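Q: Position chains B and C relative to chain A; hints supplied.
Protein chains in written order, with my numbering: chain A, 29 to 272; chain B, 29 to 272; chain C, 29 to 272.
There's no promise every hint is true.
Here are some, though not all, of the chain C residues that point toward chain A, as calculated from beta-carbon distances under 7 Å [claimed, not checked]:
#1 P50
#2 F51
#3 Y69
#4 V91
#5 S94
#6 G106
#7 Q109
#8 Y121
#9 A148
#10 F165
#11 K195
#12 C235
#13 P246
Hints in this document: simulated from the structure, not taken from any laboratory.
This structure is a prediction, so every number in the text was calculated from the model and none was measured.
Built from N, CA and C at the ideal position, the CB exists for glycine as well.
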Amino acid sequence: MIHPTAIISSKALIHENVTIGPFCIVHKNVEILGGTSIGAYCELGIETSLAIEKTLIIGENSVIRSHTTVYTGSKIGGEFQSGHYVTIRENSYIGHSCQIGSRGDIQGDCTIGNYTKMHADVHIGKGSKVGDYVWMFPEVLLANDPIPPSDTISGVTVEDFVVLAAKVLVLPGVTIRKDAVVSAASVVKADVPIGKLVSGSPATVLCSADILRMPGSPKEKAYPWRKRFHRGYSEYDITNWLDE
Amino acid sequence: MIHPTAIISSKALIHENVTIGPFCIVHKNVEILGGTSIGAYCELGIETSLAIEKTLIIGENSVIRSHTTVYTGSKIGGEFQSGHYVTIRENSYIGHSCQIGSRGDIQGDCTIGNYTKMHADVHIGKGSKVGDYVWMFPEVLLANDPIPPSDTISGVTVEDFVVLAAKVLVLPGVTIRKDAVVSAASVVKADVPIGKLVSGSPATVLCSADILRMPGSPKEKAYPWRKRFHRGYSEYDITNWLDE
Amino acid sequence: MIHPTAIISSKALIHENVTIGPFCIVHKNVEILGGTSIGAYCELGIETSLAIEKTLIIGENSVIRSHTTVYTGSKIGGEFQSGHYVTIRENSYIGHSCQIGSRGDIQGDCTIGNYTKMHADVHIGKGSKVGDYVWMFPEVLLANDPIPPSDTISGVTVEDFVVLAAKVLVLPGVTIRKDAVVSAASVVKADVPIGKLVSGSPATVLCSADILRMPGSPKEKAYPWRKRFHRGYSEYDITNWLDE
Numbered sequence: 029m030i031h032p033t034a035i036i037s038s039k040a041l042i043h044e045n046v047t048i049g050p051f052c053i054v055h056k057n058v059e060i061l062g063g064t065s066i067g068a069y070c071e072l073g074i075e076t077s078l079a080i081e082k083t084l085i086i087g088e089n090s091v092i093r094s095h096t097t098v099y100t101g102s103k104i105g106g107e108f109q110s111g112h113y114v115t116i117r118e119n120s121y122i123g124h125s126c127q128i129g130s131r132g133d134i135q136g137d138c139t140i141g142n143y144t145k146m147h148a149d150v151h152i153g154k155g156s157k158v159g160d161y162v163w164m165f166p167e168v169l170l171a172n173d174p175i176p177p178s179d180t181i182s183g184v185t186v187e188d189f190v191v192l193a194a195k196v197l198v199l200p201g202v203t204i205r206k207d208a209v210v211s212a213a214s215v216v217k218a219d220v221p222i223g224k225l226v227s228g229s230p231a232t233v234l235c236s237a238d239i240l241r242m243p244g245s246p247k248e249k250a251y252p253w254r255k256r257f258h259r260g261y262s263e264y265d266i267t268n269w270l271d272e
Numbered sequence: 029m030i031h032p033t034a035i036i037s038s039k040a041l042i043h044e045n046v047t048i049g050p051f052c053i054v055h056k057n058v059e060i061l062g063g064t065s066i067g068a069y070c071e072l073g074i075e076t077s078l079a080i081e082k083t084l085i086i087g088e089n090s091v092i093r094s095h096t097t098v099y100t101g102s103k104i105g106g107e108f109q110s111g112h113y114v115t116i117r118e119n120s121y122i123g124h125s126c127q128i129g130s131r132g133d134i135q136g137d138c139t140i141g142n143y144t145k146m147h148a149d150v151h152i153g154k155g156s157k158v159g160d161y162v163w164m165f166p167e168v169l170l171a172n173d174p175i176p177p178s179d180t181i182s183g184v185t186v187e188d189f190v191v192l193a194a195k196v197l198v199l200p201g202v203t204i205r206k207d208a209v210v211s212a213a214s215v216v217k218a219d220v221p222i223g224k225l226v227s228g229s230p231a232t233v234l235c236s237a238d239i240l241r242m243p244g245s246p247k248e249k250a251y252p253w254r255k256r257f258h259r260g261y262s263e264y265d266i267t268n269w270l271d272e
Numbered sequence: 029m030i031h032p033t034a035i036i037s038s039k040a041l042i043h044e045n046v047t048i049g050p051f052c053i054v055h056k057n058v059e060i061l062g063g064t065s066i067g068a069y070c071e072l073g074i075e076t077s078l079a080i081e082k083t084l085i086i087g088e089n090s091v092i093r094s095h096t097t098v099y100t101g102s103k104i105g106g107e108f109q110s111g112h113y114v115t116i117r118e119n120s121y122i123g124h125s126c127q128i129g130s131r132g133d134i135q136g137d138c139t140i141g142n143y144t145k146m147h148a149d150v151h152i153g154k155g156s157k158v159g160d161y162v163w164m165f166p167e168v169l170l171a172n173d174p175i176p177p178s179d180t181i182s183g184v185t186v187e188d189f190v191v192l193a194a195k196v197l198v199l200p201g202v203t204i205r206k207d208a209v210v211s212a213a214s215v216v217k218a219d220v221p222i223g224k225l226v227s228g229s230p231a232t233v234l235c236s237a238d239i240l241r242m243p244g245s246p247k248e249k250a251y252p253w254r255k256r257f258h259r260g261y262s263e264y265d266i267t268n269w270l271d272e
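Only chain A is shown next, with the shape it has when bound in the complex (with noise of 0.2 Å):
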């Protein structure tokens, strides 16, 4: 299941069922767990003075797809789809069941939830924090510099079940609360409060989110969008939702 192009550190902990593509490269301090699945071209455990000796972890049943770029001291969690030209740094904790699409670029130093899914072109600046089951459209980009150039970091947070629609960007030190959605290419300057849609650049609140209404079907609400979408998620998670 590794293609002989493929160059393994004999220090690598590769588990059962593991596959990895033609020309990879795996350097030692990672640690690979079953059943997962790595595309060709991908490099996994690139060390840098950042996390010396610290080990790379991808979790069982992932899914690397090719010509992704990973760093030493980040663990990802199980069941993880990355796209294609992915890019993650150090140190990032990334939970169980997430998804990141192609070219994304997780810069270190995140901490992102677990069923939290990032459509192409993601971009989350380092110190970001994402809660679980957020959802991110193509090009949303997480800000982290308030004054640049400048060496602090002030790392955006998005809470729980939060919607970034396409283009979005988020300003350094923002915090987007659980249930808001934010709608396409607005620029979010201050905290958004818990539920509320905003829109615009800035952005500001148009009204609580769970206003809106499926398109053709007015009595059916919108948002929270757990109450009506529920492909990928457990039967745990479903059953909460509707008996919320």
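A: Frame of chain A; chains B and C shown alone:
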């Protein structure tokens, strides 16, 4: 013409005068027509459950630049040009003489006409329909989920000769009609009528695009661009355009 | 220091203490100066009709990270740092101690000064001129076609010490003068005067940038940033800046 480090399935169908660069991977269910050149580190014919046993066809005299990833089930016309790090997912139809710039992402189930050209970082959401002779500039994004997250795919439609300038976002389900011009960084939330220039967020109609003149040349109309810009088109097309 | 899987032209000129990673390709007409390190999957010296038999020179003690693509005819100064998946096209001149973040795209015929630093996903259109000590944050885009599509290349000019924050778009032909600061997500359609802070779409002048103070420190000016931010610069520069 096939580099010895390339890994080519014996079931792939490679026509005459095809060049395949170092460290490429060509899976089964791939057909590459004559005269085409594939750069280094490309992986062609990744198969998923979305396109089982469906062939990827790459047309004649095409150039696929390095680090590009293409899935099965798509058909790409001749004289195609891709930049680097391009991704093309399953079951898309791309006409002849098209161009996709570096890091372009065609997300699958798309239809793209002939002679359509995309600069770098263009992202075409699943289910989009793009006509002939369309121009898209860097970081254009065609979205497709009207009430994210959902299972509804509501692709954008872009008709012939449309121009989408840099960083334009088109929201799900929108139709941009023939000859329209969308100015840079606009967010298009509603259909754009034929031949109009739109701008802003949300994009609104400023005027007919044919009011615009070339810089420094007050008598020469800038749009429709096919009356003045002919590089890379056929004599047949150019003659028709000038005779219109 | 050259990995055995790398493919190096016998005509490439590789100086002492150069490291070249696995699966790299170095063509002829490439000169790599001493102490430089090239990550895995890089292809250096792609030749096109735009730079025939012109050498690519990469300066001393540089770090080119993995999956990077560089064409012939460019000259890159010493102490250069690139991220992953970077593309540099033909005939560009990049000074010393510059930095290009991951997925950066230098489209050719550009001039970039010394100590200029770009974060991830910065796209520099063909024909741009960027000065010394410039900062560009993620997803900055310098456009160059004033009436798209056309054959006119009207590059942006960015003078010394300018700061372009995240997701800024600068339209073709615009000049941004020394010490100006462009706030995040702005669309710059007209020239920006020396030392001004501009914001919005279209960007308008808010104030002199030197009115801004550091967060929590009402007596410390935030701009010009060279009076307060010195990481990575020479003693000579820092002394001059403090003496200004």
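Q: Next, verify each hint and record whether it holds.
A: A quick look at each hint next to the structure:
1. Contact between P50 of chain C and chain A, as hinted, is supported at the beta carbon level, the nearest pair being about 6 Å apart and thus within 7 Å.
2. Hint status for F51 of chain C relative to chain A: holds, with the closest Cβ pair at about 5 Å, below 7 Å.
3. A cut of 7 Å between beta carbons decides the hint on Y69 of chain C: the least distance to chain A is about 6 Å, and the hint holds.
4. The closest approach between the C-beta of V91 of chain C and any C-beta of chain A is roughly 10 Å, which is over the 7 Å cut-off, so the hint fails.
5. At about 6 Å, the closest approach between the beta carbon of S94 of chain C and any beta carbon in chain A falls short of 7 Å, and the interface hint on this residue holds.
6. Here the hint on G106 of chain C is broken, as its CB sits about 20 Å from the closest CB of chain A, past 7 Å.
7. For the restraint placing Q109 of chain C at the interface with chain A, the shortest Cβ-Cβ distance is roughly 12 Å, beyond the 7 Å limit, so the hint is violated.
8. For Y121 of chain C, the suggested interface contact is broken, since its CB lies about 23 Å from the closest CB of chain A, more than 7 Å.
9. Checking A148 of chain C against chain A: minimum C-beta separation of about 6 Å stays under 7 Å; hint holds.
10. A least Cβ separation of about 6 Å between F165 of chain C and chain A falls short of the 7 Å threshold, and the interface hint therefore holds.
11. At its closest, the beta carbon of K195 of chain C sits 5 Å from a beta carbon of chain A; the interface hint therefore holds under the 7 Å criterion.
12. Hint status for C235 of chain C relative to chain A: violated, with the closest Cβ pair at about 15 Å, above 7 Å.
13. At its closest, the beta carbon of P246 of chain C sits 13 Å from a beta carbon of chain A; the interface hint therefore is violated under the 7 Å criterion.
Consistency note: the structure conflicts with the earlier hints numbered 4, 6, 7, 8, 12, 13.
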